[in-house]
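Chains as they are written, first to last, in the numbering used here: chain A, 1 to 111; chain B, 1 to 112.
Note that these hints are calculated values from the structure, not bench results.
We put the CB at the ideal spot given by N, CA and C, even for glycine.
Please note: incorrect hints may appear among the correct ones.
[To be verified] A few chain B positions that, by computed beta-carbon distances, are all more than 12 Å from chain A:
#1 Val-19
#2 Pro-62
#3 Phe-69
#4 Leu-81
#5 Leu-83
[Said to hold, decoys possible] Simulated restraints, written as ranges between beta carbons of each label pair:
#6 Phe-69/B - Asn-64/A: 39 to 47 Å
#7 Leu-95/B - Lys-55/A: 21 to 29 Å
#8 His-69/A - Gln-99/B: 22 to 30 Å
Residues per chain are reported as follows:
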Amino acid sequence: KNEVEQSPQNLTAQEGEFITINCSYSVGISALHWLQQHPGGGIVSLFMLSSGKKKHGRLIATINIQEKHSSLHITASHPRDSAVYICAVLNSGGSNYKLTFGKGTLLTVNP
Amino acid sequence: ETGVTQSPTHLIKTRGQQVTLRCSSQSGHNTVSWYQQALGQGPQFIFQYYREEENGRGNFPPRFSGLQFPNYSSELNVNALELDDSALYLCASSLGPFQPQHFGDGTRLSIL
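Can you build the whole structure from these sequences, using the hints too?
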């Protein structure tokens, strides 16, 4: 079993729909990242959070540390939101860094 | 403000060769992390350098090595290339080891 599981793997939505992507993890973490990757490879960091909720424009990220679960929501989705969304967890404990990634969720928003 | 830049953008090598990939960190950033992303997969953490010292390493063999320079730019070296090393190699810089990361566009390495 992977340390970081994302669901769904693929998601197709119509423009304007509310989108939710889920991430579950099995290890202790100090923080969780949500990343966006467009075709061609470029990755953009959307959020880094360790508790509660963060909002940036139409994007909202939440995390429940006790349940080891995070969600990324997109309100009023738009075709330009089409991308792969990746969850990654940052290890807790010790000073050495380790970031473990999920396999990503491919989101397609149709006009 | 200059972002993270990686070179080269594309590279083709053959099995057994050695390769060096380069990354210039964003201005003011002292930490560089390297990742390997195989086609259709999520990235995997290779290692991180903080102030010229390795600060963490993923499950990669010793033929993957790195270096960070006093200006905080970094190199990833891979020896004895194997077909499975074909991937997109991503570099990210940050203000510190546990700070939000800024990614470069990657180097696509193909092994023939």
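Results of checking the hints against the structure:
1. Val-19: holds, 18 Å
2. Pro-62: About 17 Å separates Pro-62/B from the closest Cβ of chain A, which puts it past 12 Å; holds.
3. Phe-69: Given that every Cβ of chain A is farther than 12 Å from that of Phe-69/B, nearest at about 19 Å, it holds.
4. Leu-81: Given that every Cβ of chain A is farther than 12 Å from that of Leu-81/B, nearest at about 20 Å, it holds.
5. Leu-83: holds, 20 Å
6. Phe-69/B - Asn-64/A: 39 to 47 Å: holds, 41 Å
7. Leu-95/B - Lys-55/A: 21 to 29 Å: Holds - the Cβ-Cβ distance for Leu-95/B and Lys-55/A, about 22 Å, lies within 21 to 29 Å.
8. His-69/A - Gln-99/B: 22 to 30 Å: With Cβ atoms ~24 Å apart, the hint holds.
In summary, the structure agrees with every hint in the numbered list given earlier.
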